[in-house]
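All chains should be modelled from the sequences, with the hints used to inform the complete structure.
In our numbering, the protein residues as written are 13 to 300.
Note that these hints are calculated values from the structure, not bench results.
Take these hints with a grain of salt, some might be off.
[To be verified] Calculated cross-link-like contacts (lysine-lysine; reagent style DSBU-like; alpha-carbon spacing at most 35 Å):
id: 1; residue 1: Lys276; residue 2: Lys156
id: 2; residue 1: Lys156; residue 2: Lys126
id: 3; residue 1: Lys266; residue 2: Lys276
id: 4; residue 1: Lys156; residue 2: Lys266
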Amino acid sequence: MNTSTCDPSLGRVGAFETETAEALPGRGIWALMRPVRNRIHLAMGLAALGAVAALAAVAVLAVIIAQLLGPDPNPWPWAAVAILLTVISFYLRTQGFTVSHLAAFRLETILRTKLADRMARVPLGYLLQTGTGTVTKVMQDDVKSLHAFVADTTPMIGRSVATPLATLILMLIIDWRLALLALGLLVVGTGCVMLAMRGSGELQRRYDEERERIAGAVVEFVQAMPVVRTFDDGASSFGRYQSALDGFRDVLAKWLEVSAVSAKISILILGPLPTLLALALGGVLLFT
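Laid out in structure tokens, this is it:
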């Protein structure tokens, strides 16, 4: 198989998936998701609408409180609206995750089928050179790893985009100064996230390589067991496995060391409680 035409951005899956990689415009994981792109877009849209409905239900609560504090309180119609919006929000969120999970299962089937078809036609020498551990990681672990992103993360992306935008519009309607305060927190938190992600590309590459080394060492140790029992005590084979584990541990420790502090700060700043406290303090300073 000629792997030189493969898009390197698709990783080792693309190395086995030449025909698919050539047919897919775009880069990275989104290119791999092209066979189920419409379903993913639908899931993200449903999740976004569900987030907007949930925010609208919270906004209606403010109207209910205003009705209760008014001279002629009649909160029941608005309470019915809030309940309806809450039900709609849960329904849309559930449907979004259902669609994304079905799309993820469909994508796994497509990728594994095409990978198996490709490897059935590559030279045996290429498979021997690549190693069964790497092949197993691609067909099993790498494709399985896509499931979490396709099934769970894509609807959350829709929600994470729609909720801040809808919240910003709502705060602009209430008071533009509160909107600017919230934007300031978002900018600071985003900066911390960028610090946490620095060097992630190289670390991700090393992380994948060490996982492949572990998979290859395990397969080698198991396949060589008859020979080990006869001629060796297993020290050399197990030593390669231990070396792979040590390399994986070092990469993971380095990644955590680089990103731990900034990641914790970003989670703290972008959390609901700090934002609520900042907006409450801003409201007190602006309106009292």
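Query raised in the report: Can you give the numbers of the hints that this structure goes against, from lowest to highest?
Result: Result: no hint breaks.
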